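Top line first, the protein sequences correspond to chains X and W.
Numbering-wise, the first sequence is residues 17 to 309 according to my numbering.
Numbering-wise, the second sequence is residues 11 to 791 according to my numbering.
By construction, these hints were calculated from the structure, which means they are not laboratory data.
Computed from a prediction, not measured in an experiment: that's the story for all the values here.
Glycine residues also receive a C-beta, built at the ideal position from the N, C-alpha and C atoms.
Do not rely on the hints blindly, as some may be mistaken.
In the PhoX-like style, the derived pairs of lysine-lysine whose C-alpha atoms are separated by at most 25 Å in a straight line are [said to hold, decoys possible]:
1) Lys785/W - Lys709/W
2) Lys52/X - Lys165/X
3) Lys785/W - Lys52/X
4) Lys52/X - Lys43/W
5) Lys165/X - Lys43/W
Partial list, derived from the structure: chain W residues whose beta carbon lies under 10 Å from chain X [unchecked claim]:
6) Val497
7) Ala498
8) Leu784
Okay, the calculated bits of chain X under chain W, using three or more residues with CB under 8 Å as the criterion [stated by the list, open to error]:
9) 69–77
10) 82–90
11) 181–190
12) 273–283
13) 288–294
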Amino acid sequence: MDYLRPRTWQDAVALKTENPAAVPINGGTDLMVEIKFAGRRPACLLDLSHLQVLKGWRKSNGTVELGAGVTYTDVLEHLGGDLPALAIASRTVGSPQIRNRGTIAGNLATASPAGDAHPPLLATGATVRVESMRGVRDVPVGRFFTGPKQNVLEPDELIRAVLVPAARGPQQFSKVGTRNAMVIAVVSFALAFDIPSRHVGTGIGSAAPTPIEAADATAYLEQELDRGGYWEEHRDLPAGTVDGFAERVAAAARPINDVRGPAGYRVHALRVMARRTLRWAWSALETDGTHAH
Amino acid sequence: MGPRQQLDTKVRDRTTHARGVGTSPPRPDAPLKVLGRFAYASDLHIDGMLWGATVRSPHPRARILGVDIGQALAIRGVATVLTAEDVPGHRFYGIKVADQPVLAAHEVRYVGEPVAIVAADHPETARRAVEAVTVEYEVQAPLTDPESSLAGDGDPIDPGGNVARHVRIRHGDVAAARSRAEIVIEAEYRSGVQDPAFLGPEAGLAVPDGSGGIDLYVAAQWIHDDRRQVAAALGLDPGMVRLTLSGVGGAFGGREDLSVHIHACMLALRMGRPVKMSYNREESFVGHVHRHPSRIRVELGARRDGTLVYSKVRLLLDGGAYTSTSQIVIANASYFAAGAYAVDHVEIDGYAVYTNNPPRGAMRGFGAVQACYAIESAMDRLAGELDMDAVELRIRNAIQAGDLLPTGQVIDGPAPTRELLDHLRSLPLPPKRPAAGEDLRRLPGGVGNTTHGEAVVRGVGYALGMKAIGFSGGVDDISTARVSVSVAGGRPVAEVYSAASECGQGIVAVQAQIVRTELGIDSVTVRPADTDIGDAGSSAASRQTWMTGGAVEGACHGVRERILERAARRLGCSPRDLALTPHGVTVPGKGEALVGLADILGHDTIEHTFVYHHRPTEPIDDVRGQGNAHIAFAYAAHRAVVDVDTELGLVRVVELATAQDVGRAMNPQAVEGQIEGGSAQGLGLALLEEVQVEDGFVKNASFTDYLVPTILDMPPMNVRLFEFPHPDSPYGLNGVGEPPTLSSTPAIVNALRNATGLDLPRVPVRPTDLIASLKSDGSPC
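Please take these sequences and the hints and turn them into a complete structure.
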C-alpha cells in the first residue's frame, strides 16, 4: 500500500490526478475500519489529515463554508447556532473520539445511506464543493449520492468544502438507533424551515439506497402553510397537517430489512419522527419570534 | 435455619490490616488498564516470531473433499500450512468431551470451524495465505432449528445422536398436584444468542523450548485444563507443555474452551520458531462460544392465595455444533428452572441439542440466566392472573434455609431471599420524569433526539435469582497456592503463587489482601499465573475467590505455623503461646513484639503450599435427578425502573437497584464492580445483545452491529451488599460474579411488561416488540 502525504492542498489535488486510485484519508473513522475489519486494501492512501487549510470554517453571505477537515466536534461545539440540525446530528455520531476525528466531508465521501450528516445537509440545501486539476465544481447534496456508498466524485476529484446555508428558521434532527448512543442509524430524519423563503427542507437517512429528500412531504407542507396563512401567524398546526406531512415522509422511504431493523419498522418510525420533529420545530417558531419577519 | 444476623459493618471492623480482607486497595492492573498500557495477550511479542492464521469453514455443514495448500505455500513469506493430518496427538479436543476436531478432516459442522492453519512472517502474508488455501466442500443441508434437531429430523449431527444431554428432575408428584391448583398458567419464553463480548480478542504466543516442549502464553480462564487438552493434541507429556497466563481482556465463560492454543503450538513446534496468533473481531465472534439460546416452557400451578403448588418446566438449549459445556449448562439451567422458590411438586426436563449453529457453551450465569428469565417472567404472569403484587407473590414462595431444592438437596447456607426483596421494595422510587426540559440522555432514544416525552410510559419490575456457586455434581474441585515469606531491605515481604486466572474480576488483589490479613505483611507480590505450580481451577462458576482464597489462606496458616515454630525455638517456649502480628511475634494480648520477623527469617525463605478442597458433592441420578450436587448457593434480586417510548419502541432504563448476598465482601469495590458489570450484561440481554444467526451464518459479527450497553444505556445503580457469612467458605464469603447477571434481565423485562402491558416472551426485546401496532417483522398488526 502506497502512502501519499501532500504538503499543500494544491499538491493533494495534483496527486489525486496522478493517482486516481488513491483513497483519501482524513479522520480515518470509516476507512480504517474497512481496512482493519473488512479487509479492504486500497493500493494507495492520500493523507489529507494534516492540511490546516481544510480545518477551518467561515460564514459569508449567509452561508457557512466547512473545510473538508471540519469534524463533528467542531460543528457540535462551534456551529450549533448557524447549523442546528447538523449539530444535533453530529452529537449522535459515535463516541467523543470518533467525533473528534470524523469529518463532515468524510461522511459525504463514504456516502453511506446511514451517514448521520446527510439528512441535515439535504434538509438545509447544502452544496459540496469538489476540486480537481480540471477546476472546481459545486454539487448540490441532493445530487451528490448515486447509490449505496457511491457518489458523483470523479477519480481525480477531492472534496474541498461543504457549503451550508446558515439557519433562518427552526431545524430538527432525529435518529433511531437500538442503543441510546454510539449507534448506526436504523433510520433518521432532518427537517429545516427557511422562514424568509417560505421553504421546508427534509432529509431521510437509512431508509433508501441513498439519503433522500421527502419532496412530496415538503411540497405538501409548504402548500398547507401557505394556504392557512401559517407563515404570517405561527398558530398551532392542525393535526391533519402534521399527519399529512408524516404520511408523505413515510411514503418517501424505500427501506430494506437488515440486521439493524425491519423495513416496516423504519417506515413506521419515520412517520413518528416526522410528526414529532415538525411539532418541535413549529413550537420553537411559536415561542421564539426571532425567525418571524 | 441458617445464620440470620446481618454483619454488614461489623465484619469489616474485624479487618486487621488497612489493605487486608474487607478493604478496597487499588488494583495493580487498574492504572495500566485505564492508561492503555496494560499488556493484553494480543500485545505479546518476541523477536523472530511468525504469525499464525486460521482457514475457516464458509459452510454450516459440508463434507471436506480435499484441501489444496500448494498455492498458499508458494506465497513468499509463508512458513507452513497445516491440516488435520498434521495434528501430532489426539485429533479431537474439548473441555468435557473431546469431540471437536483440532482441524476438521472429513466434515465441517459450523461456519467458522477451523480447517487449516498457516504461519507467515507477517500478519498480512498470513491473511493472504488463508485466502489461498483451497478447500473443496460438498455442501449439505444444515440443521439449525433446535426443535427439529430434538425431533430427530435429518441426518444426526453427532454420531451419538442430536441430544447432548437430557436432564430429568422429578420432585413430588406433579400429576397429583395439578388437581389441587386453583390457578394454572402456561407460557413459553425464548432468549437469543448472547456473546461474551470481551474486548480483548483471543490471542496467544507459543514458543518452542528447543527440546521438544513448548511454552504457551495465552489469555485463558483455566490454564491447567487448557494444558491437559493442548498436551493431548500435541502428543506431549503435560510436563513438556507450560502455560503462562497472559493479559486477559475479559472472559465471562468465553475462554473456557480453547481457541488459538493448540494451533499456535502446532505451528511453533513445526517451524521451531515462536508463533503468535490473534483473532480479529469478526473471527472472534466464531472463535469463542456464545450463551445458549433457549426455549423454555413453564407451567405453574398455584392456590388463590399465591402459594405455588407445582412447577413444570421444559427447557431446550441449542448447543450448536459441538459439545463444549452444553451438558453441564443444561444441568445448571434445569437445577434452577423452578427459580428461587420452594415448590413441593416439580417436574423438569432439560434438553441440550446439537445443531449446525456455532458452538454454545459457558457464559456468566451458565444456564441459570435463561432459566431465571423464564421463571421470573412466569412469576409476573402468575401475579397478574392472581391480581397479586408481584413482590408479595415472590416473598410468599421464596426459598428459605431448610427448604428442599427440586433435586432434593436441603438449603443449608444463608438464603436471604425475603431480605433481598424486602430491601428493594422499601427503596424509594426515582422521581417522576419532568414534564419538559429533560436531558435527552435520560430519555428513551438518548442523544438520538427521538422523544421529548411523547409516548413515554414508565414501568417497574422485580426479579429474584438463584444459582449454585462452585463446581457441582460430584467434582472434587481444588485450588493450589504457595505463599513464601522472606526479608528484603530489612523488611518482611511475601509472595503469592497460584495459577488463578485474573480475567478482570480482581483475584490478584484479593490474594494479596488475604496475605496481609493473615500474616500482617504489607509488601505482597502476586506472581504471574503459570502451570509450574498446581492447579487453581477455573475462573468460572463464581468460584475463584472462594477456592483460591481458601488456598491462599491455608498457605498463610502454614507459613505462620512455621514462623511461630522458629520463634518458639528461639524463645524457648511453645508456639501455642505465641502470635504473629504486623510487628513480629508477640505473646497474645500483648502489643510489643518479642522478636521481629526479619530477625526470625534471616536470609531464609519460609514457604508453604496448600491445596484447598470444597466440601464433597454428588451427581444427580438419571431417573429423578436427585442428589446433593451443590456446595453453596447465591442469591440476587433486582428492581428495574424503565421508561418506554411506546411509539418508537425505544427504552431508557431509569434505575437498576439490586441487593445481593455476598457472604463477605472481600474487596467491596471489586464486588460492586462485579455487580454493576453483571447487571449491565443482563441489561444487554434484555434489550440489545443478540448474535443474529441465520441458517448457521452470523449476520452481525462486529461491535457496530452487536450492541453492548454504553454508559448512556446503563442507569445509575443502587447496590446493596448483604453480608450473611457462609458457614463453609473462607471468611464467610460467597461467590459474587454470576448472580447479578441472573435477575437483571427479567427485572428489566418485567418493568417493560409493567409499562406496556405486553407479553414480551422473547429477549432481547426489540423495538418492534414494544410497539403494539407492529409485528416483530415490522409489518402492521
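Status of each hint after checking the structure:
1. Lys785/W - Lys709/W: 21 Å, holds
2. Lys52/X - Lys165/X: 18 Å, holds
3. Lys785/W - Lys52/X: 37 Å, violated
4. Lys52/X - Lys43/W: Distance of about 23 Å is within 25 Å: holds.
5. Lys165/X - Lys43/W: 37 Å, violated
6. Val497: 48 Å, violated
7. Ala498: Result: violated, 43 Å to nearest chain X Cβ.
8. Leu784: This hint holds: Leu784/W lies near chain X, its Cβ roughly 6 Å from the closest one there, short of 10 Å.
9. 69–77: violated (count 0)
10. 82–90: violated (count 0)
11. 181–190: Holds: 3 residues of the segment 181–190 of chain X have a Cβ under 8 Å from chain W.
12. 273–283: holds (count 10)
13. 288–294: Since three or more residues must qualify, the claim that chain W covers the segment 288–294 of chain X holds, with 3 doing so at under 8 Å.
Violated hints for the displayed structure, listed by number in ascending order: 3, 5, 6, 7, 9, 10.
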